[in-house]
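Peer 1: For chain A, the structure is supplied; the task is to place chain B on it using the hints.
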Amino acid sequence: DAGITQSPRHKVTETGTPVTLRCHQTENHRYMYWYRQDPGHGLRLIHYSYGVKDTDKGEVSDGYSVSRSKTEDFLLTLESATSSQTSVYFCAISDDRLPQGGEQFFGPGTRLTVL
Amino acid sequence: AQTVTQSQPEMSVQEAETVTLSCTYDTSESNYYLFWYKQPPSRQMILVIRQEAYKQQNATENRFSVNFQKAAKSFSLKISDSQLGDTAMYFCAFVTGTASKLTFGTGTRLQVTL
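Going down the list, the sequences are from chains A and B.
Residue numbers are given in this note's numbering: position 9 of the first sequence equals residue 9, and the series is strictly consecutive.
Position in the second sequence (first residue = 1) + 1000 = this note's numbering.
Derived from the structure by calculation, the hints contain no laboratory data.
Quick reminder that beta carbons are idealized off the backbone N, C-alpha and C, glycines included.
Fair warning: there could be bad hints in the mix.
Simulated DEER-style distance windows between Cβ atoms [stated by the list, open to error]: (1) A:70 x B:1017: 20 to 28 Å; (2) A:88 x B:1010: 17 to 25 Å; (3) B:1001 x A:28: 30 to 38 Å; (4) A:108 x B:1003: 37 to 45 Å.
Beyond 10 Å from chain B on every Cβ pair, some chain A residues (computed) [stated by the list, open to error]: (5) 68; (6) 75; (7) 103.
Here are some of the chain B residues that sit facing chain A, going by a computed Cβ distance under 10 Å [claimed, not checked]: (8) 1004; (9) 1007; (10) 1037; (11) 1042; (12) 1052; (13) 1073; (14) 1096.
This is chain A alone, in the form it adopts within the complex:
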């Protein structure tokens, strides 16, 4: 299994509070991604990173920010959590130097509940 961890694995928070989710990888992969999974929507991309301090928006980026100060860490921040951000969040990694091009490896997910 690819070395990807997410923390915390579960979190319950209140509306309006800031929340930061962490993704940590030990694979030295270049690309990192944050997805959210909701019933009826599959997984949707929030933000992604193509290098240290290089990030870009995905299709559902409103209300989220990210940072990547080191290759191994990719942080997702909800500045002021809302109930609509209750979801399961997945981190993924990939690297175009791999022979199996395009494949992404996923972390175990974080279940976030915003009350």
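Peer 2: Showing chain B alone in chain A's frame:
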């Protein structure tokens, strides 16, 4: 816009039987990769099989195989000799390029019964 459609929200199959999950996609790109991911109740996303669009030969991984029809933009997954451990949510996805954003379908929930 790039889209993936899985038209079967739920399916059921008996153990040892064969089942086919459907997937269609839409893209204007000519070079891309297609995937089927499995998500069991543990929630972990597990790659089942991958297909490069430039390869005409259908990919096979043990009991899992695909029927890739590029012109029709169809990418179905066939599971042979179904096992109870195959019970999971299955997602079809594709990516254009070797390091780009995955576009997922909404998933098919497969139940394997005795």
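Peer 1: Compare the structure with each hint and give your call.
Peer 2: Against the structure, the hints:
1. A:70 x B:1017: 20 to 28 Å: 49 Å Cβ-Cβ, so the 20 to 28 Å window is violated.
2. A:88 x B:1010: 17 to 25 Å: 19 Å, holds
3. B:1001 x A:28: 30 to 38 Å: 33 Å, holds
4. A:108 x B:1003: 37 to 45 Å: 28 Å, violated
5. 68: 15 Å, holds
6. 75: 19 Å, holds
7. 103: The claim is violated: residue 103 of chain A sits with its nearest Cβ about 6 Å from chain B, within 10 Å.
8. 1004: For residue 1004 of chain B, the interface hint holds, since the closest Cβ of chain A sits about 8 Å away, which is under 10 Å.
9. 1007: With Cβ-Cβ at 13 Å, over 10 Å, it is violated.
10. 1037: 8 Å, holds
11. 1042: Since chain A brings a Cβ to about 8 Å from residue 1042 of chain B, closer than 10 Å, the hint holds.
12. 1052: Interface hint status for residue 1052 of chain B: holds (8 Å vs cutoff 10 Å).
13. 1073: Status violated, d = 17 Å.
14. 1096: 8 Å, holds
Hints 1, 4, 7, 9, 13, counting from the list given before, are not met by this structure.
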